[in-house]
Amino acid sequence: MSAPVPPPLPSAAPSPRSGAQGFVTVLAWITLALAAVGLAYGALQMAMAGLVSSPAYLQLFEPAGPMPPLMRWMLTHYFEIGLAEAIASLLLAWLGWGLLKRREWARLAFIAYLALGTLLTYGSLWYVPAMTEASLAMQPGLGGAGGALPPELAGLKTAAMIFSVIVALVFTALHGAIIWKLCTAPVRAQFGSAPTIRPR
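Taking this note's numbering as reference, the numbering of the sequence shown is continuous, increasing by one, and the terminal residue is 193.
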């Protein structure tokens, strides 16, 4: 008489549904953490703007020479920039909470948020040469005649631009991967938006 065959052990491989749950949960908590950091930084920036006036900020940089218009604008609107960052962080926290609660509007809004952030990253590349030149020109002894950079430092602008383009491409790949994952059927099923297949 042969011994009974034991039943097969359950598979240890995670199901697509459990993997999708983990992805959304981790993404939601990372989003909330980033929102908390951004909110704290924005609040700190507004507090510093309240303690030190814009003219006082400008006086700190007067010994370095003429200030570029873009940097002058940023120092003049220091409070408004901090307020905008705090508002954007609150919006990000709202989206993170919606992802954690598996709200469909949060999934769609988060996709739009990533797409907009990618576009803004490429838009900010336009400011890289000006900001690099302004930062170098304000260093003692680096500015040339009329505030222009000496020829030997011109390559730093190119290096900064190349680095910024690489960073933009990395963010594009990261955001694209997250958007693609949020559009897959197992993830959409977490939000009740996956298409159902009806039997014929």
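Worth flagging that the hints you see were computed from the coordinates, not collected in a lab.
Treat the hints with care, since some could be wrong.
The calculated lysine to any residue pairs, modelled on SDA-like cross-linking and capped at a C-alpha distance of 25 Å, are [what the hints assert, rightly or not]:
| no. | residue 1 | residue 2 |
| --- | --- | --- |
| 1 | Lys150 | Thr165 |
| 2 | Lys94 | Trp173 |
| 3 | Lys94 | Leu25 |
| 4 | Lys174 | Gln38 |
| 5 | Lys174 | Pro122 |
| 6 | Lys94 | Tyr115 |
| 7 | Lys94 | Ser117 |
| 8 | Lys174 | Tyr106 |
| 9 | Lys150 | Ala123 |
| 10 | Lys150 | Val160 |
| 11 | Lys174 | Ala123 |
| 12 | Lys150 | Arg95 |
| 13 | Lys174 | Tyr115 |
| 14 | Lys174 | Val160 |
| 15 | Lys174 | Ile23 |
| 16 | Lys94 | Tyr106 |
| 17 | Lys150 | Ala161 |
| 18 | Lys94 | Lys150 |
| 19 | Lys150 | Ser117 |
| 20 | Lys94 | Ala161 |
| 21 | Lys174 | Leu84 |
| 22 | Lys94 | Ala81 |
| 23 | Lys174 | Leu109 |
| 24 | Lys94 | Leu107 |
| 25 | Lys94 | Pro179 |
| 26 | Lys174 | Ala161 |
| 27 | Lys150 | Ala178 |
| 28 | Lys150 | Leu25 |
| 29 | Lys150 | Thr177 |
| 30 | Lys174 | Pro62 |
| 31 | Lys94 | Leu167 |
| 32 | Lys150 | Pro62 |
| 33 | Lys94 | Thr151 |
| 34 | Lys94 | Val160 |
| 35 | Lys94 | Ala28 |
| 36 | Lys94 | Leu83 |
| 37 | Lys174 | Arg95 |
| 38 | Lys174 | Gly91 |
| 39 | Lys150 | Phe164 |
| 40 | Lys94 | Leu84 |
Please read all numbers here as calculations on a predicted model, not as lab measurements.
Here is how each hint holds up against the structure:
Restraint check for Lys150 and Thr165: satisfied, since their Cα atoms lie roughly 22 Å apart, inside the 25 Å limit. At roughly 20 Å between alpha-carbon atoms, Lys94 and Trp173 fall within 25 Å of each other, so this suggested pair holds. The hinted pair formed by Lys94 and Leu25 meets the criterion: a straight-line CA distance of about 13 Å does not exceed 25 Å. Distance restraint check for Lys174 and Gln38: the Cα-Cα separation of roughly 34 Å exceeds the 25 Å cut-off, and the hinted pair is therefore not satisfied.
Restraint check for Lys174 and Pro122: the C-alpha separation of about 35 Å exceeds 25 Å, so the hint is violated. A threshold of 25 Å between alpha carbons decides the hint, and for Lys94 with Tyr115 the separation of about 32 Å lies outside it, so the pair is violated. Note on Lys94 and Ser117: the hinted pairing is violated, with a Cα-Cα distance of about 33 Å set against a maximum of 25 Å. For a cut-off of 25 Å, the pair hint linking Lys174 to Tyr106 stands: about 15 Å separates their Cα positions.
A threshold of 25 Å between alpha carbons decides the hint, and for Lys150 with Ala123 the separation of about 9 Å falls inside it, so the pair holds. Taking the CA atoms of Lys150 and Val160, the gap is about 15 Å. The hint holds against a cut of 25 Å. At most 25 Å may separate the alpha-carbon atoms for a hinted pair to count; Lys174 and Ala123 exceed this at roughly 36 Å. Restraint check for Lys150 and Arg95: not satisfied, since their Cα atoms lie roughly 44 Å apart, outside the 25 Å limit.
Of the pairs offered as hints, the one joining Lys174 and Tyr115 holds, with about 22 Å between alpha carbons and a cut-off of 25 Å not exceeded. A threshold of 25 Å between alpha carbons decides the hint, and for Lys174 with Val160 the separation of about 21 Å falls inside it, so the pair holds. Only pairs whose Cα atoms come within 25 Å are accepted, and Lys174 paired with Ile23 is accepted, the gap being roughly 16 Å. Straight-line distance between C-alpha atoms of Lys94 and Tyr106 comes to about 18 Å, which keeps the hinted pair within the 25 Å bound.
Taking the CA atoms of Lys150 and Ala161, the gap is near 16 Å; set against the 25 Å cutoff, the hint holds. Taking the CA atoms of Lys94 and Lys150, the gap is about 45 Å. The hint is violated against a cut of 25 Å. Under the criterion of a C-alpha separation no larger than 25 Å, the hint pairing Lys150 with Ser117 is consistent with the structure, at around 15 Å. Distance check on the hinted pair: Lys94 and Ala161 sit about 30 Å apart at the alpha-carbon level, beyond 25 Å; violated.
Straight-line distance between C-alpha atoms of Lys174 and Leu84 comes to about 21 Å, which keeps the hinted pair within the 25 Å bound. Restraint check for Lys94 and Ala81: the C-alpha separation of about 20 Å stays at or below 25 Å, so the hint holds. With a C-alpha separation of about 17 Å, the suggested pairing of Lys174 with Leu109 holds against the 25 Å cut-off. For the given pair, Lys94 sits about 19 Å from Leu107 by alpha-carbon distance, which is consistent with the 25 Å threshold.
Distance hint between Lys94 and Pro179 is fulfilled; the C-alpha atoms sit about 16 Å from each other, no more than 25 Å. Restraint check for Lys174 and Ala161: satisfied, since their Cα atoms lie roughly 20 Å apart, inside the 25 Å limit. Between Lys150 and Ala178 the CA atoms are separated by roughly 44 Å; this puts the pair beyond 25 Å, and the hint is violated. Taking the CA atoms of Lys150 and Leu25, the gap is near 35 Å; set against the 25 Å cutoff, the hint is violated.
The straight-line distance between the Cα atoms of Lys150 and Thr177 is roughly 41 Å, outside the 25 Å bound, and the hint therefore fails. Proximity of Lys174 to Pro62 is assessed by CA-CA distance (about 42 Å); at most 25 Å being required, the pair is judged violated. Pair hint Lys94 plus Leu167 holds up; C-alpha atoms about 23 Å apart against a cutoff of 25 Å. Annotation: proposed proximity of Lys150 to Pro62 holds, straight-line Cα distance about 18 Å (limit 25 Å).
Straight-line distance between C-alpha atoms of Lys94 and Thr151 comes to about 45 Å, which puts the hinted pair past the 25 Å bound. Of the supplied pair hints, the one linking Lys94 and Val160 is violated, its CA atoms being roughly 31 Å apart against a limit of 25 Å. For a cut-off of 25 Å, the pair hint linking Lys94 to Ala28 stands: about 17 Å separates their Cα positions. For the hint pairing Lys94 with Leu83, the CA-to-CA distance comes to about 17 Å; that is within 25 Å, so the pair holds.
Proximity of Lys174 to Arg95 is assessed by CA-CA distance (about 15 Å); at most 25 Å being required, the pair is judged to hold. With a CA separation close to 17 Å, the supplied pair Lys174 and Gly91 stays within the 25 Å bound. Distance restraint check for Lys150 and Phe164: the Cα-Cα separation of roughly 21 Å lies within the 25 Å cut-off, and the hinted pair is therefore satisfied. The hinted pair formed by Lys94 and Leu84 meets the criterion: a straight-line CA distance of about 15 Å does not exceed 25 Å.
When held up to the earlier numbered hints, the structure conflicts with 4, 5, 6, 7, 11, 12, 18, 20, 27, 28, 29, 30, 33, 34 and fits the remainder.
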